Amino acid sequence: MELYSLTGAQLAELLKEGRISAEEILSSLSLRAAGKEEKVKAYVRFGGKLERLPAEGVPARGPLSGIPVSVKDNICTRSCNTECCSRILSGYRPPYDATVISRLKSDGASIISTKTNMDEFAFGSSTENSCFGPSRNPWDTQCVPGGSSGGSAAAVASDEAVFALGSDTGGSIRQPASFCGVVGLKPTYGRVSRYGLVAFASSLDQIGPITKDVRDSALLLNSIAGYDPKDSTSVDTPVPDYTACLGQSVKGMRIGVPKEYMVEGIDPQVRAALLRSLEEFKRLGAICSEVSLPHTEFAVPVYYIIATAEASSNLARFDGVRYGFRAADAESINAMYSRTRGEGFGKEAKRRIILGTFALSHGYYDAYYLRALKVRTLIKQDFEKVFGEFDCVVAPTSPTPAFKLGEKMGDPLKMYLSDIYTISANLAGIPAISVPCGFTSGGLPVGMQIMSGYFREETLLKLAYAYEQSVSAENRRKPAL
Amino acid sequence: MEYEAVIGLEVHVQLNTSTKAFCACRAEFGVEPNTNICPVCLGLPGALPVLNKVVLSHALKVGLALGCSIQNRTKFDRKNYFYPDLPKGYQISQFDLPVALAGEVRIDTPAGEKCVRVKRVHMEEDAGKLMHDAEGSLVDLNRAGVPLLEIVTEPDMNTPDEAYAYLTKLKSVIEYLDVSDCDMEKGSLRCDANVSLRPKGESRLGTKAELKNMNSFKAVKDALLYEIGRQAEILDGGGKVAQETRLWDARQAKTFSMRSKEEAHDYRYFPDPDLTLFLITDEEIEEARAGIPELPQQKAARFMREFGISAYDAGILTADKRDAAFAEECIKVFPSGDKKPVVNYLIGPLLAEANSRGCGLSGLKLPAERLPELVSLVQKNVISNLVSKTVLKEMIDRQTTAEEIVKSRNLAQISDTSALDGIITRVLAENGKSVQDFRSGKENAVMFLVGQVMRMSAGKANPKVVQELLKRRLADA
Numbered sequence: 000m001e002l003y004s005l006t007g008a009q010l011a012e013l014l015k016e017g018r019i020s021a022e023e024i025l026s027s028l029s030l031r032a033a034g035k036e037e038k039v040k041a042y043v044r045f046g047g048k049l050e051r052l053p054a055e056g057v058p059a060r061g062p063l064s065g066i067p068v069s070v071k072d073n074i075c076t077r078s079c080n081t082e083c084c085s086r087i088l089s090g091y092r093p094p095y096d097a098t099v100i101s102r103l104k105s106d107g108a109s110i111i112s113t114k115t116n117m118d119e120f121a122f123g124s125s126t127e128n129s130c131f132g133p134s135r136n137p138w139d140t141q142c143v144p145g146g147s148s149g150g151s152a153a154a155v156a157s158d159e160a161v162f163a164l165g166s167d168t169g170g171s172i173r174q175p176a177s178f179c180g181v182v183g184l185k186p187t188y189g190r191v192s193r194y195g196l197v198a199f200a201s202s203l204d205q206i207g208p209i210t211k212d213v214r215d216s217a218l219l220l221n222s223i224a225g226y227d228p229k230d231s232t233s234v235d236t237p238v239p240d241y242t243a244c245l246g247q248s249v250k251g252m253r254i255g256v257p258k259e260y261m262v263e264g265i266d267p268q269v270r271a272a273l274l275r276s277l278e279e280f281k282r283l284g285a286i287c288s289e290v291s292l293p294h295t296e297f298a299v300p301v302y303y304i305i306a307t308a309e310a311s312s313n314l315a316r317f318d319g320v321r322y323g324f325r326a327a328d329a330e331s332i333n334a335m336y337s338r339t340r341g342e343g344f345g346k347e348a349k350r351r352i353i354l355g356t357f358a359l360s361h362g363y364y365d366a367y368y369l370r371a372l373k374v375r376t377l378i379k380q381d382f383e384k385v386f387g388e389f390d391c392v393v394a395p396t397s398p399t400p401a402f403k404l405g406e407k408m409g410d411p412l413k414m415y416l417s418d419i420y421t422i423s424a425n426l427a428g429i430p431a432i433s434v435p436c437g438f439t440s441g442g443l444p445v446g447m448q449i450m451s452g453y454f455r456e457e458t459l460l461k462l463a464y465a466y467e468q469s470v471s472a473e474n475r476r477k478p479a480l
Numbered sequence: 000m001e002y003e004a005v006i007g008l009e010v011h012v013q014l015n016t017s018t019k020a021f022c023a024c025r026a027e028f029g030v031e032p033n034t035n036i037c038p039v040c041l042g043l044p045g046a047l048p049v050l051n052k053v054v055l056s057h058a059l060k061v062g063l064a065l066g067c068s069i070q071n072r073t074k075f076d077r078k079n080y081f082y083p084d085l086p087k088g089y090q091i092s093q094f095d096l097p098v099a100l101a102g103e104v105r106i107d108t109p110a111g112e113k114c115v116r117v118k119r120v121h122m123e124e125d126a127g128k129l130m131h132d133a134e135g136s137l138v139d140l141n142r143a144g145v146p147l148l149e150i151v152t153e154p155d156m157n158t159p160d161e162a163y164a165y166l167t168k169l170k171s172v173i174e175y176l177d178v179s180d181c182d183m184e185k186g187s188l189r190c191d192a193n194v195s196l197r198p199k200g201e202s203r204l205g206t207k208a209e210l211k212n213m214n215s216f217k218a219v220k221d222a223l224l225y226e227i228g229r230q231a232e233i234l235d236g237g238g239k240v241a242q243e244t245r246l247w248d249a250r251q252a253k254t255f256s257m258r259s260k261e262e263a264h265d266y267r268y269f270p271d272p273d274l275t276l277f278l279i280t281d282e283e284i285e286e287a288r289a290g291i292p293e294l295p296q297q298k299a300a301r302f303m304r305e306f307g308i309s310a311y312d313a314g315i316l317t318a319d320k321r322d323a324a325f326a327e328e329c330i331k332v333f334p335s336g337d338k339k340p341v342v343n344y345l346i347g348p349l350l351a352e353a354n355s356r357g358c359g360l361s362g363l364k365l366p367a368e369r370l371p372e373l374v375s376l377v378q379k380n381v382i383s384n385l386v387s388k389t390v391l392k393e394m395i396d397r398q399t400t401a402e403e404i405v406k407s408r409n410l411a412q413i414s415d416t417s418a419l420d421g422i423i424t425r426v427l428a429e430n431g432k433s434v435q436d437f438r439s440g441k442e443n444a445v446m447f448l449v450g451q452v453m454r455m456s457a458g459k460a461n462p463k464v465v466q467e468l469l470k471r472r473l474a475d476a
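Line by line, the protein sequences are chains A and B.
Read the first sequence against numbering that gives the first Met the number 0 and you will find it ends at 480, with the numbers running on by one and no gaps.
Read the second sequence against numbering that gives the first Met the number 0 and you will find it ends at 476, with the numbers running on by one and no gaps.
It should be emphasised that the hints constitute simulated quantities derived from the structure, not laboratory data.
Treat the hints loosely; a few may be bogus.
[What the hints assert, rightly or not] Distance condition first, Cα-Cα at most 27 Å in a straight line; then the derived BS3-like pairs of lysine-lysine:
1. Lys373/A with Lys74/B
2. Lys379/B with Lys470/B
3. Lys379/A with Lys52/B
4. Lys168/B with Lys239/B
5. Lys346/A with Lys38/A
6. Lys406/B with Lys392/B
Only a predicted model underlies this, so the values are computations on that prediction, with no experimental measurement involved.
Please construct the entire structure, taking both the sequences and the accompanying hints into account.
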């Protein structure tokens, strides 16, 4: 078996036994990427091999010693390009590491500095809004890998990465994970430091792992989770060993299935896959019942007001004054601003900046932003109520499997609806995981989403792991690239 | 027509914290450009703000000292606008939940004490600084992220003098709290003024102009005076005052339109999602209250009580914290129970000396025991009041004691009658006309003769003794 095909946990085991070296892992992975990148385009600025962050002194020893981690292009890596797949940040090299990168380093991980592709500033659900061009779905290269962390998901699915970090503002980890048949976890808001994650919507963004299986998800979360004094929104609550809950029984676990999620718009094959999974849960001893999250229908509009409002402000710093792209020969400061931003941002970024600016404008603030905040509270309360009685909620990750490249590019609304099941978890701040739950007749993976209460990542991991172990080898196949 | 001006002030005070408001960079002044910077205050992608707790405790102190009610819930908002000195494209400020609301500052006016209501006190970060030269513009971000407090009044002042009095009082309170050095020249205290006119007796407010770019309290007063005149002229001519922001040009002593209401920014304030809601407990408020030192008003009241001095004198002595400490020390050291002589000396000759040297009482660097020594010498008739002023100057210039100067320069007052007799004989001989005047009933002539004796003795003669001796000699002859 090739090293690139193994999981992080398996590699750690082999390393520990001294049977392989860290260099062998990296070169296996790099060769794999060199062979498949032309088709997948999971990485950006790929120069034929995977680069890694230079070692600083003696590499730290820890649970991830010698294991490479791939990183989305919106997570800061010191002295290595971090461009958010946007022209406006072209050539930008941060002078500091994101907190998650420092944590991974101190656990011994080797950071791949060739970054993974994404929608520009994480604006999108297909990775088509990247200034470097789209990534492809390893299961069908005519299809998108999902987004915005499409590069990370595609890299993991195609064995071009052992595992990867993504960021999730409205489903950007989970939806591409489901499209690519891998595991994607969005932690509780505040569980993982956002310091060094280039902000899209600060009240919604979370960094999380995209992995080949549930154990690796727990392994990576162990490393990146925890309070960070540099992030005022990170929460100072103990971090358990997330691998400890794996293998525990899920007997008696109470699972809610929101009726609002199983309505029109859902692909029949996705629906069927979910129903089969629920049967599997019952077989494992869990109790499944229908629940209601009555404000679900408002999630998409609320999200697109809050997320764009925050984004319009977060992206104001890209003005050409201090770093990144600057339009040449502008005759005044205002011309410099508008030409830099006009030429530096892609279409979707501009659309969202304009939407958000409008939502915050004088005379519209109360009707849009303030109202959206109130409805957000109602959505939060829906979940709090359900989690009073249930351990978790299970739903599809996305209403459809991966769609074709270009299919939704002309219709932003259709694209936005792709996140309809994932957005609520971000608005509520709760953790959610997407795990593969079968395939369509066309051979595309389908993902299932499990959500639970604040800081109950263990519940998610335990159930996801039990499910993963119970399904057939057929359902754990890899894409034939 | 006769108009009444309505004035409101917005004061920005730079807090004297050792580090910036949202990062660990030093907040010091006058260092090499762009040396006190980090990813946070540079607004680099991914960097996040964390509130410096000292900023909050300073804000609480100021709020409490101004009699505000401290808000138990306070949050930060983003004020969005583009400018090259604003690295994030927004300023972290406070909008609808400022840390303190509804306080007051009492000022003295010719019509008696007046209460200027403080509308709100809020925390925010400063922007950087632009420097322009022939080659272009440069940005220095050392100041970006330095903490400020904005203190906003209600439109409660009616004259430039009242605005001046408010600023003086506010500055005094803030200096007492030791939360800012309040140096307008360094920009650590900045003031914008809103002013409108209305016909006397009218209660509705007129259209206001906002004045910016005043670099001293005097400039605020001058700009207001000018602006009141300008608006009155417009109104008298039947015109309408435009709502706009105007810049004060100190050289031309005029205000100029900067932007109209239509051009005003829409700042799109919204809660900063990077900073959580701050809950301030009653314990924290009490802790801040306990940290507030004696304030000028309280100190003045105590001076009146303890030293038996007038409200006016106490007001002068307590306006500046360091001066007040110096004055108190002087008064305490003065051996007599009657403190009037030393107080008079402080607000008389010493203050005049300080003013002429452009510093405060404490800026004269006089050890506190030396002034009472000088006053005692006058009291004991060792030197005259007149000579004492010369001695004082030298005490400051040479940093030495009064006694040393009196001795080395032989300035002791001559009260010895035998020593004075000779001078008096000469004066009487040289001023026959005055002697005759006196004898013909012009009693005042004696004062002229006293003056002549004083002059001949180089001011050292004791004028009382001289007068007595003169009268005796004139009567004898």
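Quick one, are Lys379/B and Lys470/B close enough, alpha carbons at most 27 Å? holds (23 Å)
If you draw a straight line from the CA of Lys373/A to the CA of Lys74/B, is it 27 Å or shorter? OK: Lys373/A and Lys74/B at ~17 Å, within 27 Å.
Can the restraint linking Lys346/A and Lys38/A be considered satisfied, given a maximum Cα separation of 27 Å? Given that 27 Å is the threshold and the Cα spacing comes to 25 Å, the pair holds.
Restraint status (C-alpha distance of Lys168/B to Lys239/B at most 27 Å): Judged against 27 Å, a Cα distance of about 34 Å means the pair is violated.
Sort out whether Lys52/B lies within 27 Å of Lys379/A, counting only the CA atoms. violated (30 Å)
Would the pair Lys406/B and Lys392/B pass a check requiring their Cα atoms to be no farther apart than 27 Å? Given that 27 Å is the threshold and the Cα spacing comes to 15 Å, the pair holds.
Violated hints, listed in ascending order, are 3, 4; each of the other numbered hints is respected by the structure.
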